Amino acid sequence: MGLIKKIMLVTSLGMIMLTMGGCVYSNNKGWNDMTSEEKQDVRQSFEDIESDLRQDFASDDMGDKFASFILDTVEQAIDSAD
1 MGLIKKIMLV TSLGMIMLTM GGCVYSNNKG WNDMTSEEKQ DVRQSFEDIE
51 SDLRQDFASD DMGDKFASFI LDTVEQAIDS AD
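Residues 1 to 82, numbered by my numbering, are exactly what the sequence shown covers, in order.
To be clear, the hints were calculated from the coordinates, so they are not data collected in a lab. Just so we're clear, the structure is a prediction, and the values are computed from it rather than from any experiment. Each hint should be verified, as a subset may be incorrect.
[To be verified] As a list, the in silico SDA-like pairs of lysine to any residue whose alpha-carbon atoms are at most 20 Å apart: (1) Lys6 to Glu50; (2) Lys65 to Ile4; (3) Lys5 to Phe66; (4) Lys5 to Ser59; (5) Lys6 to Arg54; (6) Lys65 to Met8; (7) Lys39 to Asp72; (8) Lys65 to Arg54; (9) Lys39 to Asp79; (10) Lys65 to Glu75; (11) Lys5 to Ile49; (12) Lys6 to Asp52; (13) Lys6 to Ile49; (14) Lys6 to Asp61; (15) Lys65 to Thr11; (16) Lys39 to Val74; (17) Lys5 to Gln55; (18) Lys6 to Phe66; (19) Lys65 to Leu13; (20) Lys6 to Ile70; (21) Lys5 to Asp61; (22) Lys65 to Phe46; (23) Lys6 to Asp72; (24) Lys5 to Ala58; (25) Lys6 to Lys65; (26) Lys5 to Asp64; (27) Lys39 to Ser80; (28) Lys39 to Ala77; (29) Lys65 to Ser12; (30) Lys65 to Gln55; (31) Lys5 to Arg54.
[As the list claims (entries may be wrong)] Quick list of simulated restraints, FRET-style, between CB atoms: (32) Asp60 to Ile4: 12 to 20 Å; (33) Thr35 to Lys6: 30 to 38 Å; (34) Asn32 to Gln55: 30 to 38 Å; (35) Gln40 to Ile4: 25 to 33 Å; (36) Ala58 to Asn32: 33 to 41 Å; (37) Val10 to Ser80: 22 to 30 Å; (38) Asp61 to Gln40: 29 to 37 Å; (39) Met62 to Asn32: 33 to 41 Å; (40) Glu75 to Asp33: 17 to 25 Å.
Glycine residues also receive a C-beta, built at the ideal position from the N, C-alpha and C atoms.
Please model the entire structure based on the sequences and the hints provided.
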């Protein structure tokens, strides 16, 4: 089960990074070049991914705590990006 969680984490974080980079939604624009609507789409996509990941990594073991730390860091970066 641990290997599956790690694969899901890496895949999901890769999706988040692509989304934050803007490639998926804005034709390779940087965050500062995106419109308000595009930024909102990125935020919404992150929230959708984040809720699933937080449910998957809800235990108290070290790997799950690390995943939560990463999600918190990404969330703070998105919130402070404007």
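Going through the hints against the structure:
1. The suggested pairing of Lys6 with Glu50 holds, with an alpha-carbon distance near 15 Å, which does not exceed 20 Å.
2. A C-alpha spacing of about 16 Å is found between Lys65 and Ile4, which places the hinted pair at or below 20 Å, so the restraint holds.
3. Restraint check for Lys5 and Phe66: satisfied, since their Cα atoms lie roughly 12 Å apart, inside the 20 Å limit.
4. With a C-alpha separation of about 12 Å, the suggested pair Lys5 and Ser59 falls inside the 20 Å cut-off, and the hint holds.
5. Proximity of Lys6 to Arg54 is assessed by CA-CA distance (about 13 Å); at most 20 Å being required, the pair is judged to hold.
6. For the suggested pair Lys65 and Met8, the alpha carbons sit about 15 Å apart, so the restraint of at most 20 Å is met.
7. In summary, the hint linking Lys39 to Asp72 is supported, as the alpha carbons are separated by about 18 Å, within the 20 Å threshold.
8. Under the criterion of a C-alpha separation no larger than 20 Å, the hint pairing Lys65 with Arg54 is consistent with the structure, at around 10 Å.
9. Note on Lys39 and Asp79: the hinted pairing holds, with a Cα-Cα distance of about 11 Å set against a maximum of 20 Å.
10. Distance check on the hinted pair: Lys65 and Glu75 sit about 15 Å apart at the alpha-carbon level, within 20 Å; holds.
11. For the hint linking Lys5 to Ile49, the alpha-carbon distance of about 14 Å falls within 20 Å, and the restraint holds.
12. About 14 Å separates the Cα atoms of Lys6 and Asp52, which keeps this hinted pair within 20 Å; it holds.
13. Restraint check for Lys6 and Ile49: the C-alpha separation of about 15 Å stays at or below 20 Å, so the hint holds.
14. Taking the CA atoms of Lys6 and Asp61, the gap is near 13 Å; set against the 20 Å cutoff, the hint holds.
15. At roughly 17 Å between alpha-carbon atoms, Lys65 and Thr11 fall within 20 Å of each other, so this suggested pair holds.
16. Pair hint Lys39 plus Val74 holds up; C-alpha atoms about 14 Å apart against a cutoff of 20 Å.
17. Restraint check for Lys5 and Gln55: satisfied, since their Cα atoms lie roughly 11 Å apart, inside the 20 Å limit.
18. At most 20 Å may separate the alpha-carbon atoms for a hinted pair to count; Lys6 and Phe66 meet this at roughly 11 Å.
19. Between Lys65 and Leu13 the alpha-carbon distance is near 15 Å, which keeps this suggested pair within the 20 Å criterion.
20. For the hint pairing Lys6 with Ile70, the CA-to-CA distance comes to about 13 Å; that is within 20 Å, so the pair holds.
21. With a CA separation close to 12 Å, the supplied pair Lys5 and Asp61 stays within the 20 Å bound.
22. The straight-line distance between the Cα atoms of Lys65 and Phe46 is roughly 19 Å, inside the 20 Å bound, and the hint therefore holds.
23. As the CA atoms of Lys6 and Asp72 are separated by approximately 17 Å, the hinted pair is consistent with the 20 Å bound.
24. Distance check on the hinted pair: Lys5 and Ala58 sit about 11 Å apart at the alpha-carbon level, within 20 Å; holds.
25. Between Lys6 and Lys65, the direct Cα distance comes to roughly 13 Å. Compliance with the 20 Å bound is thereby established for this hinted pair.
26. With a C-alpha separation of about 9 Å, the suggested pair Lys5 and Asp64 falls inside the 20 Å cut-off, and the hint holds.
27. The straight-line distance between the Cα atoms of Lys39 and Ser80 is roughly 12 Å, inside the 20 Å bound, and the hint therefore holds.
28. For the given pair, Lys39 sits about 13 Å from Ala77 by alpha-carbon distance, which is consistent with the 20 Å threshold.
29. Among the hinted pairs, Lys65 with Ser12 is consistent with the structure: their alpha-carbon atoms are about 16 Å apart, no more than 20 Å.
30. Between Lys65 and Gln55, the direct Cα distance comes to roughly 12 Å. Compliance with the 20 Å bound is thereby established for this hinted pair.
31. About 11 Å separates the Cα atoms of Lys5 and Arg54, which keeps this hinted pair within 20 Å; it holds.
32. The beta-carbon spacing between Asp60 and Ile4, approximately 19 Å, falls within the hinted interval of 12 to 20 Å.
33. Against the hinted window of 30 to 38 Å, the Cβ-Cβ separation of Thr35 and Lys6 comes to about 35 Å, which satisfies the hint.
34. Asn32 and Gln55 have their C-beta atoms about 32 Å apart, which keeps the hinted 30 to 38 Å range intact.
35. Evaluation of the 25 to 33 Å hint for Gln40 and Ile4 yields a pass: the beta carbon distance comes to about 32 Å.
36. Separated by about 34 Å at the C-beta atoms, Ala58 and Asn32 satisfy the suggested range of 33 to 41 Å.
37. The supplied range of 22 to 30 Å is met by Val10 and Ser80, whose beta-carbon atoms lie about 24 Å from each other.
38. Between Asp61 and Gln40 the CB atoms are about 34 Å apart, so this pair conforms to the stated range of 29 to 37 Å.
39. Here the CB-CB span from Met62 to Asn32 is close to 36 Å, well matched to the stated 33 to 41 Å.
40. One distance hint, 17 to 25 Å for the beta-carbon pair Glu75 and Asp33, holds here, with the actual separation near 22 Å.
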